[in-house]
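Novice: Now for the letters of each chain:
Number of protein chains: 2
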Amino acid sequence: MRCLVPVATNSPKSRLAPVLSPAERRTFARAMLLDVLSTLVAADCQPTVLATDSIDDDQITNRATIAVDDRPLTPAINARLAEGEPTLIVMADLPLIEPQDIIQLTDSDADVTVAPGLGGGTNALAIHDPSFRVDYHGASYLDHCRAADEVGASVETVDSRRLATDIDEPTDLAEILIHGDGAAAEWLTAAGFELDTTGGRVGVVRE
Amino acid sequence: MRCLVPVATNSPKSRLAPVLSPAERRTFARAMLLDVLSTLVAADCQPTVLATDSIDDDQITNRATIAVDDRPLTPAINARLAEGEPTLIVMADLPLIEPQDIIQLTDSDADVTVAPGLGGGTNALAIHDPSFRVDYHGASYLDHCRAADEVGASVETVDSRRLATDIDEPTDLAEILIHGDGAAAEWLTAAGFELDTTGGRVGVVRE
Numbered sequence: 003m004r005c006l007v008p009v010a011t012n013s014p015k016s017r018l019a020p021v022l023s024p025a026e027r028r029t030f031a032r033a034m035l036l037d038v039l040s041t042l043v044a045a046d047c048q049p050t051v052l053a054t055d056s057i058d059d060d061q062i063t064n065r066a067t068i069a070v071d072d073r074p075l076t077p078a079i080n081a082r083l084a085e086g087e088p089t090l091i092v093m094a095d096l097p098l099i100e101p102q103d104i105i106q107l108t109d110s111d112a113d114v115t116v117a118p119g120l121g122g123g124t125n126a127l128a129i130h131d132p133s134f135r136v137d138y139h140g141a142s143y144l145d146h147c148r149a150a151d152e153v154g155a156s157v158e159t160v161d162s163r164r165l166a167t168d169i170d171e172p173t174d175l176a177e178i179l180i181h182g183d184g185a186a187a188e189w190l191t192a193a194g195f196e197l198d199t200t201g202g203r204v205g206v207v208r209e
Numbered sequence: 003m004r005c006l007v008p009v010a011t012n013s014p015k016s017r018l019a020p021v022l023s024p025a026e027r028r029t030f031a032r033a034m035l036l037d038v039l040s041t042l043v044a045a046d047c048q049p050t051v052l053a054t055d056s057i058d059d060d061q062i063t064n065r066a067t068i069a070v071d072d073r074p075l076t077p078a079i080n081a082r083l084a085e086g087e088p089t090l091i092v093m094a095d096l097p098l099i100e101p102q103d104i105i106q107l108t109d110s111d112a113d114v115t116v117a118p119g120l121g122g123g124t125n126a127l128a129i130h131d132p133s134f135r136v137d138y139h140g141a142s143y144l145d146h147c148r149a150a151d152e153v154g155a156s157v158e159t160v161d162s163r164r165l166a167t168d169i170d171e172p173t174d175l176a177e178i179l180i181h182g183d184g185a186a187a188e189w190l191t192a193a194g195f196e197l198d199t200t201g202g203r204v205g206v207v208r209e
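Just so you know, the protein sequences line up as chains A and B, in that order. Under the numbering used here, the first residue of the first sequence carries the number 3, and numbering increases by one thereafter. Under the numbering used here, the first residue of the second sequence carries the number 3, and numbering increases by one thereafter.
Since the hints were derived computationally from the structure, they do not count as laboratory data. Incorrect hints may appear among the rest.
Under the rule of at most 20 Å between Cα atoms (straight-line distance), these lysine to any residue pairs were calculated in the SDA-like manner [to be verified]:
1) Lys15/A / Arg4/A
2) Lys15/B / Ala192/B
3) Lys15/A / Thr199/B
4) Lys15/B / Asp145/A
5) Lys15/A / Val207/A
6) Lys15/A / Asp72/B
7) Lys15/B / Thr29/A
8) Lys15/B / Ala25/B
9) Lys15/A / Asp170/A
10) Lys15/B / Arg203/A
11) Lys15/B / Arg4/B
12) Lys15/B / Tyr138/B
13) Lys15/A / Arg27/B
14) Lys15/A / Ala25/A
15) Lys15/B / Met3/B
Stretches of chain A that chain B covers, calculated by requiring three or more beta carbons in the stretch to come under 8 Å of a beta carbon on chain B [stated by the list, open to error]:
16) 36 to 47
17) 86 to 93
Computed from a predicted structure; not experimentally measured. Using N, Cα and C, we set each Cβ at its ideal position, and we do this for glycine too.
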């Protein structure tokens, strides 16, 4: 099935501003994207990065086709879904995912298979029903379940910690240091981040 | 295999103090425990609640045996592990778990199977190696992987969002309202909590 990875190229990951500069957020977002693309390629997908602006970066173009669409996420995705092809959509900030997580999505028999993110978002969708449309605003996981229901599509929810772990906020960085072994983990370590085990949940500190 | 659910009966869930009174935290913790025990029974386990004090509550004693041990979590569990029996340990604050998540743990061929929690904790352990001991302090997931390695035990990590979602902090309550359908979800709804979709990640508000 077709595989899309939406990417907003301008000022990504704004909620990491307390711990990373704008330039750092860009290079860190790129590292996470490389992890996601490598996993998709290892799972035999041929990803297309659906970017708000052109991307001139060998490491990305070696792993993916680039398609430019400067519309916001929801209309940009829905324009592709309107073409009626089965489509896998995977967010670019999931550096922990492994090939078997993607295969769980692509092998599902449901019309719409959803991987919820922590806090009610939608981190991945495998869509076989040509009438299903996305809406990424707010608690999109519940909205997507309802939307599938409304078009009579069967829904499966994937239960995966790795697919659920999107990296948005400073505390999320701990998950990469605990479980990651790819480009994002290397970048964070090189940038001086380490685990902080002094509080309740493990956080991060920067040297 | 033997199945233990450790429970601290005095002042549970202190990190929920910003949104729940001490009495509410006790009844909410009980609702989560009932969800966990129901799932364990449905997965053909015969759970023992390892409690710091006696529990006189029909709904709990209908689902589990009670064993009292007033020591802290780590020594209380390790005293049981020293008896050498294969043991499943499941935390009491995992109201989203389903029987198949437990079966993933009990069916694993590894000497030690770990379900990490968000933020580096350990939410469940299936232990077949009689020399393995727990240490629940700090980033216990990484510590448990290392401890297994040190005694030559094979390790498997279970990838489950439901097993990873322990309920410690106010934002965690959103996960129950999004995904839950048991006693904890009913309790929260009856207590006036609803989803708050105004921020980045979905949170909760109380009426």
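Novice: State for each hint whether it applies.
Specialist: Evaluated hints:
no.: 1; hint: Lys15/A / Arg4/A; result: violated (26 Å)
no.: 2; hint: Lys15/B / Ala192/B; result: holds (19 Å)
no.: 3; hint: Lys15/A / Thr199/B; result: holds (19 Å)
no.: 4; hint: Lys15/B / Asp145/A; result: violated (31 Å)
no.: 5; hint: Lys15/A / Val207/A; result: holds (18 Å)
no.: 6; hint: Lys15/A / Asp72/B; result: violated (46 Å)
no.: 7; hint: Lys15/B / Thr29/A; result: violated (38 Å)
no.: 8; hint: Lys15/B / Ala25/B; result: holds (11 Å)
no.: 9; hint: Lys15/A / Asp170/A; result: holds (6 Å)
no.: 10; hint: Lys15/B / Arg203/A; result: holds (13 Å)
no.: 11; hint: Lys15/B / Arg4/B; result: violated (26 Å)
no.: 12; hint: Lys15/B / Tyr138/B; result: holds (16 Å)
no.: 13; hint: Lys15/A / Arg27/B; result: violated (35 Å)
no.: 14; hint: Lys15/A / Ala25/A; result: holds (11 Å)
no.: 15; hint: Lys15/B / Met3/B; result: violated (28 Å)
no.: 16; hint: 36 to 47; result: violated (count 0)
no.: 17; hint: 86 to 93; result: violated (count 0)
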